[in-house]
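Enquirer: Residue numbers (my numbering), protein chains in the order written: chain H, 1 to 196; chain W, 1001 to 1175.
Where hints are given, some of them may not hold.
Said to hold, decoys possible - PhoX-like, lysine-lysine: derived pairs with alpha carbons at most 25 Å apart: (1) Lys1023/W <-> Lys196/H; (2) Lys196/H <-> Lys91/H; (3) Lys1023/W <-> Lys67/H.
Everything labelled a hint here was simulated from the structure, so no lab data went into it.
Read off the chains here:
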Amino acid sequence: MTRLPMRQAYLERLVPKAEGRIICSYLGSSARMISKVRPHGPNFILNDFMGLNISVALGMAVARPDKSVIVLEGDGGLLMKLETLVTAGAKAPPNLLVVTFFNAWYITGGRQPLPAPEVNLEDFARAARFPQTATVDTLDGFDAALDRMLDSGRLGYINLRLKRETPEQVESLGVSPPHPLEMRTNFSRWIQENCK
Amino acid sequence: MAKKTSKTSGLSKGCREIIRGLKAAEVRVLSSVTDTYIGPLIAAVAADRYFESVRCCSEEEAVAVAAGATLAGKRSACVFQNAGLLSSGRGVALAQTYHAPMLMLISHRGTHRDDPIYYHVYKGRTTEPMLEGLGVSFAHASREEPLGAQVARAVAYVHEAEQPFALLLSKGDLT
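When you get a sec, could you build the whole thing from the sequences and use the hints?
Expert: Shown next as structure tokens:
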């Protein structure tokens, strides 16, 4: 049986390839970790508002076609708003990559399993007509999928299977995501300085 | 991708005015969910090269897409029926929390004047209390002033306030 990577290991593989790219992150563990592994990049972290992150990233991608947007979404969040895949798949911005973290568990929201832990999220992306999709369960697999999809000129979807953090691991992150107003200000400044 | 052209012939005066106002205010991204009243407006925007149109599956998505666009520095608006407002509370709260200004163009169904039909009535009854409960400033479109000017002024308002604003559109406003 494959030993699944941890979330932070996946993010550490992502960050070097995300230089100059917008990262939209969802709440909880990913929000705290992206603040830690990429403290100064163009990050937009959506705290709470589960399931709306792909929509926010889609808006950014269509508004800034010259910028690459990588959106991180949780399995629980995506299942709250599955239609966001359909809308993204229909619009198909070539500069958008959707990455989901699948551990079949609400890690920071009560530590409960998904209603359907065996659900296959990649199937939904395929059904939503994403032109390229993958499910990976190794760091090298993630690297390969990123290399294939980033800058491919096509909308992409990667589903990451990962090991659950323990409550102690989540607690130990100790990095609170920035306040919305601070983040919005920093993000707007990056947009002004780096976009036409 | 479908060929896009600027085509407003055959559109109602109200829809033409809205498009004029959106352009005057430099709104470039419009997200939408259709409804009988606003379908022609959405089709015209989708066919117009000036705009980036995002047709959404749900209204809450449309609000979040508009929020993302405006956070990325492009002026945005969303358009949908008031039934969708009832299921968009979190999207509106997102825009408020992250100070994402946007114009919400909402077809106001279920009024005694336009829709005295039982399945629309709840929409008319709940729209204003819903907006008040969410803390969203709003106005009914006026017949005393060109709609385009009202749209442009509403866009100016949202960017000064850094908050969403809803302009409620009746059947008569769009015909």
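Enquirer: Kindly indicate which numbered hints from before are broken by the structure, ordering the numbers from low to high.
Expert: none
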